[in-house]
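> These protein sequence lines are chains G and A, in that order.
What the first sequence shows, in the numbering used here, is residues 1259 to 1444, in sequence order.
What the second sequence shows, in the numbering used here, is residues 1259 to 1444, in sequence order.
Simulated from the structure, these hints should not be mistaken for lab results.
You can trust all of the hints, since none of them are fake.
Remember, identical chains collapse to one label, so a pair may be satisfied in a single copy or spanning two.
Pairs of lysine to aspartate or glutamate, EDC-like flavour, derived with a Cα cap of 20 angstroms:
| # | residue 1 | residue 2 |
| --- | --- | --- |
| 1 | Lys-1325 | Asp-1268 |
| 2 | Lys-1325 | Asp-1377 |
| 3 | Lys-1343 | Asp-1275 |
| 4 | Lys-1343 | Asp-1268 |
| 5 | Lys-1325 | Asp-1339 |
| 6 | Lys-1343 | Asp-1320 |
| 7 | Lys-1343 | Glu-1321 |
| 8 | Lys-1325 | Glu-1403 |
There are 2 protein chains.
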Amino acid sequence: MPPVAPRSGDAIFASVDRVNAELFTLTYGAIVRQLITDLEEVEEVNKQLDQMGYNIGIRLIDEFLAKSNVSRCVDFRETADVIAKVAFKMFLGVTATVTNWDAEGTTCSLVLEDNPLVDFVELPDTCQGLYYCNILSGVIRGALEMVSMKTEVTWIRDMLRGDDAFEMQVKLLKQVPEEYPYKDDE
Amino acid sequence: MPPVAPRSGDAIFASVDRVNAELFTLTYGAIVRQLITDLEEVEEVNKQLDQMGYNIGIRLIDEFLAKSNVSRCVDFRETADVIAKVAFKMFLGVTATVTNWDAEGTTCSLVLEDNPLVDFVELPDTCQGLYYCNILSGVIRGALEMVSMKTEVTWIRDMLRGDDAFEMQVKLLKQVPEEYPYKDDE
Chain G
1259 MPPVAPRSGD AIFASVDRVN AELFTLTYGA IVRQLITDLE EVEEVNKQLD QMGYNIGIRL
1319 IDEFLAKSNV SRCVDFRETA DVIAKVAFKM FLGVTATVTN WDAEGTTCSL VLEDNPLVDF
1379 VELPDTCQGL YYCNILSGVI RGALEMVSMK TEVTWIRDML RGDDAFEMQV KLLKQVPEEY
1439 PYKDDE
Chain A
1259 MPPVAPRSGD AIFASVDRVN AELFTLTYGA IVRQLITDLE EVEEVNKQLD QMGYNIGIRL
1319 IDEFLAKSNV SRCVDFRETA DVIAKVAFKM FLGVTATVTN WDAEGTTCSL VLEDNPLVDF
1379 VELPDTCQGL YYCNILSGVI RGALEMVSMK TEVTWIRDML RGDDAFEMQV KLLKQVPEEY
1439 PYKDDE
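If we strip away everything but chain G, and leave its shape as in the complex, we get (with noise of 0.2 angstroms):
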């Protein structure tokens, strides 16, 4: 039987259930003053946000293979390139570029130009160490620790410090070999 064609990011997004993406900006904006009054200190908030992000990527990875049809990528680059075309688009309706790659493959950039997670936002001059988009680095570290990878994920870019794009560096810095549940002679 041939395999299932992947869909692509547009199909899959037209197809879930879907909330208004303001509603969403402002409910993310709430966490993190939430958290900024909570912890007090910005280094805190951007461990937190990426623990929270963590915590949501083990679990948005099932939605993922279960509604995209993607099955397991060659390497790390098709990885890579399914993150940024189907699951940003999936998840928040727009897409990313991946660039930057290293000789080895296993550092890319993945640029984002239009990130509904900022719309509106501005950083007072007490947030300037904040890292506003660490929920969308620990999504994508969790989301593919569940697919075995283990990797480090770093903002080289951000709008809101007046870069000029969101860049996130993505290291791939361990590929665990999958291990079945049970041995197969059980």
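Place chain A on chain G using the hints.
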């Protein structure tokens, strides 16, 4: 010039930017979990969710008025209908039913049978006093305050507590006459 006809919730929902509902649900779940960890007391979490919702509501009303072409409602009855049929649809993709009016027409219930906030949510025993969707009641309170209606919004039924639907009671406390920022003869 005839007034512009209000747009249906469906038409607006189809035309606005949206994000994946599961991402929203998981993000909201991450907030609630975070608040429970940080604040410890369930009662404090309820208060905080309500306050976050209020802060969202006072901004979301602008998007609502701008996109919906809804103009001044003649009375609180019409307001409740617009929230149930247009606003809920526009932001969450679901509609509510308006019911249980009191004789004065100042208290009613909004009933939701489908609520994207709670997909996959189960409350552990330690969270029995939690109003998980308290952000929603806060949004309504905040948005209505911006159009000069002071309200009290209380949860009457909650599916996470074993009820058969979500029911919010909305009670109009005071209708503040709108004030112009300047006098006519100035």
